[in-house]
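Reminder that position 121 of the sequence shown reads as 121 in our numbering, one-by-one numbering, no gaps.
Please note that the accuracy of each hint is not assured.
Within a straight-line C-alpha distance of at most 20 Å, the following computed SDA-like cross-link-like pairs (lysine to any residue) qualify [as the list claims (entries may be wrong)]:
#	residue 1	residue 2
1	K109	V43
2	K132	A115
3	K250	L49
4	K132	A154
5	K109	L151
6	K109	L120
7	K109	W148
8	K109	E128
9	K250	T26
10	K250	S212
11	K199	P229
12	K199	F189
13	K199	L228
14	K250	P64
15	K250	M216
16	K199	H166
17	K199	S188
18	K250	D213
19	K109	A53
20	K250	R261
21	K250	R167
22	K109	S37
23	K109	R86
24	K109	H48
25	K250	G18
26	K199	G183
27	K250	R36
28	K199	Q235
29	K199	E209
30	K109	F50
31	K109	K132
32	K109	G157
33	K109	K199
34	K199	R167
35	K199	A177
36	K109	F189
37	K109	L49
38	K109	E209
39	K250	T20
40	K199	T227
Since the hints were made in silico from the structure, they are not lab data.
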Amino acid sequence: MKHEAPPVPAGAVIRQGGRTCFHRLTNTTPVIIHVRSGNKVVVTRDTHLFLTAGEYGLLPDHQPMTMENIPRAPLNYEARVLPVPRPLFEEAYARLAFITPPRVALPIKALNLPAEAAGLFDFCCSSEEFAKLPTPVATVRVIELITWFALSGAVLGTQGNPLLQHRLRQMIEADPAHNWTLGQAARSFNMSEATLRRKLAAENTSFSETLSDTRMTRALAFLQTTTLPIAHVAQEVGYDSPSQFSARFKERFGINPREVRGDFGVFERIGTEIEHIRRDSVSV
């Protein structure tokens, strides 16, 4: 019997050879993270989250964050991440009458997470095993994981109506290599180009800025979680010219694409198909 795809994207392992700080990263999906080696610092809304090796955290969606990954010699920075759709958090919290989500979604640490919960997190990250489950069973497993995190103090804050730029980012992220135009985006939102342009300007951004930033954020995820050549990464996010892609990437993050990987050798991927990463919303 062939089952449907699991309700969450595949997890991934992020490795980074050098200390790097990435500014204004925005996840389109909440992310559960486990730092395996090194340290991670996340800053948003004047709130600092510091995760050391072995610690777990929950990163919100649609919140610009500054993230610094810090290796500790002789090991590289390494973390396992799992994007989880927000509706599953909301369903989990609806079952927990004693849980009141914070009014603002901020990064938060899970304290004293039991071994059973840690094992469940690893299982949910294992795409090959997790994908074998029927969708209803997989959903229950993820809700159980969210519940463990809630009991450990990591509760996702509430979210109001998403900004237009966030909806646009989600659309682009689904296929960053597509030749997106302002007209296409406007039609998708059932509005004129002038209205889309005006609404984005009211949010202090533009179509071209959102398109470029979304592509660069996806490129960062590819570089951190795959062994794809730089030229291939460029193509995956809509750039035919690797040199043009590298220049844009450095303009956005202050480092060259190759510097993200350092010289730490072979990457590990959880999941074997590039389509898994395309569906992920990992920006960490």
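Structure-based check of all given hints:
no.: 1; hint: K109 / V43; verdict: holds, 13 Å
no.: 2; hint: K132 / A115; verdict: violated, 23 Å
no.: 3; hint: K250 / L49; verdict: violated, 26 Å
no.: 4; hint: K132 / A154; verdict: violated, 28 Å
no.: 5; hint: K109 / L151; verdict: holds, 12 Å
no.: 6; hint: K109 / L120; verdict: holds, 17 Å
no.: 7; hint: K109 / W148; verdict: holds, 12 Å
no.: 8; hint: K109 / E128; verdict: violated, 28 Å
no.: 9; hint: K250 / T26; verdict: holds, 18 Å
no.: 10; hint: K250 / S212; verdict: holds, 12 Å
no.: 11; hint: K199 / P229; verdict: violated, 37 Å
no.: 12; hint: K199 / F189; verdict: holds, 11 Å
no.: 13; hint: K199 / L228; verdict: violated, 36 Å
no.: 14; hint: K250 / P64; verdict: holds, 19 Å
no.: 15; hint: K250 / M216; verdict: holds, 10 Å
no.: 16; hint: K199 / H166; verdict: holds, 12 Å
no.: 17; hint: K199 / S188; verdict: holds, 14 Å
no.: 18; hint: K250 / D213; verdict: holds, 12 Å
no.: 19; hint: K109 / A53; verdict: holds, 12 Å
no.: 20; hint: K250 / R261; verdict: holds, 14 Å
no.: 21; hint: K250 / R167; verdict: violated, 26 Å
no.: 22; hint: K109 / S37; verdict: holds, 16 Å
no.: 23; hint: K109 / R86; verdict: holds, 18 Å
no.: 24; hint: K109 / H48; verdict: holds, 10 Å
no.: 25; hint: K250 / G18; verdict: holds, 16 Å
no.: 26; hint: K199 / G183; verdict: holds, 14 Å
no.: 27; hint: K250 / R36; verdict: violated, 27 Å
no.: 28; hint: K199 / Q235; verdict: violated, 30 Å
no.: 29; hint: K199 / E209; verdict: holds, 14 Å
no.: 30; hint: K109 / F50; verdict: holds, 8 Å
no.: 31; hint: K109 / K132; verdict: violated, 30 Å
no.: 32; hint: K109 / G157; verdict: holds, 13 Å
no.: 33; hint: K109 / K199; verdict: violated, 35 Å
no.: 34; hint: K199 / R167; verdict: holds, 12 Å
no.: 35; hint: K199 / A177; verdict: violated, 24 Å
no.: 36; hint: K109 / F189; verdict: violated, 36 Å
no.: 37; hint: K109 / L49; verdict: holds, 7 Å
no.: 38; hint: K109 / E209; verdict: violated, 32 Å
no.: 39; hint: K250 / T20; verdict: holds, 13 Å
no.: 40; hint: K199 / T227; verdict: violated, 38 Å
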